[in-house]
Amino acid sequence: MQILDHLLEKEGVTLDCVHTLGHFDLHQQTAQENLATCFSLFMYLPHLHELNLYNDNKLLVFPIKDLTETNPVYIFMNKDNAYVEGTDGLKNLLKNEVENYV
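Once you know that position 76 of the sequence shown is 76 in UniProt numbering, the rest is easy, because the numbers rise by one and skip nothing.
Rather than coming from a laboratory, the hints here were simulated on the basis of the structure. Note that beta-carbon positions come from the ideal geometry of N, C-alpha and C, so glycine has one too. Heads up, some of the hints might be wrong.
[As the list claims (entries may be wrong)] Calculated lysine-lysine pairs in the BS3-like style (CA-CA distance at most 25 Å, straight line): (1) 95 x 79; (2) 79 x 91; (3) 10 x 95.
[Claimed, not checked] The calculated label-pair distances, taken between Cβ atoms and stated as ranges, are: (4) 91 x 54: 31 to 37 Å; (5) 56 x 77: 29 to 35 Å; (6) 84 x 59: 19 to 25 Å; (7) 22 x 93: 32 to 38 Å; (8) 13 x 52: 23 to 29 Å; (9) 36 x 95: 33 to 39 Å; (10) 93 x 52: 25 to 31 Å; (11) 13 x 85: 43 to 49 Å; (12) 6 x 59: 21 to 27 Å; (13) 65 x 35: 23 to 29 Å; (14) 47 x 98: 17 to 23 Å; (15) 60 x 3: 16 to 22 Å.
Make the full structure from the sequences, and use the hints.
The following block contains the structure:
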């Protein structure tokens with residue numbers, strides 16, 4: 001995860017990683033089974049909260065101090081295609097959510 005890598009590099013911290021898993025849902029599940037430590041982006045927290053509903057081994061969420069980077073979001077559309085219903089709503093939803101967290 002480049003966002004975490006940049007923060008760790010800035011802070012001069014290294015982690016001994018055996019494996020980096022790209023499937024965050026599986027990563028959270030392995031952490032819940034005490035098999036891994038998990039750093040998750042904000043967008044993956046709803047899955048973590050769902051896991052906590054059905055398991056006695058609750059995962060705790062701690063924000064990462066000084067983590068200010070975000071993932072860019074791009075919307076690409078072919079200029080010759082007409083919008084499908086809901087496109088403007090999706091764009092507004094994304095814009096509003098981004099403004100809420102910046």
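Evaluated hints:
no. : hint                : result
1   : 95 x 79             : holds (20 Å)
2   : 79 x 91             : holds (15 Å)
3   : 10 x 95             : violated (29 Å)
4   : 91 x 54: 31 to 37 Å : holds (35 Å)
5   : 56 x 77: 29 to 35 Å : violated (46 Å)
6   : 84 x 59: 19 to 25 Å : violated (37 Å)
7   : 22 x 93: 32 to 38 Å : violated (26 Å)
8   : 13 x 52: 23 to 29 Å : holds (27 Å)
9   : 36 x 95: 33 to 39 Å : holds (35 Å)
10  : 93 x 52: 25 to 31 Å : holds (26 Å)
11  : 13 x 85: 43 to 49 Å : holds (47 Å)
12  : 6 x 59: 21 to 27 Å  : holds (24 Å)
13  : 65 x 35: 23 to 29 Å : holds (26 Å)
14  : 47 x 98: 17 to 23 Å : holds (21 Å)
15  : 60 x 3: 16 to 22 Å  : holds (20 Å)
Checked against the numbered hints listed earlier, the structure breaks hints 3, 5, 6, 7; every other hint is satisfied.
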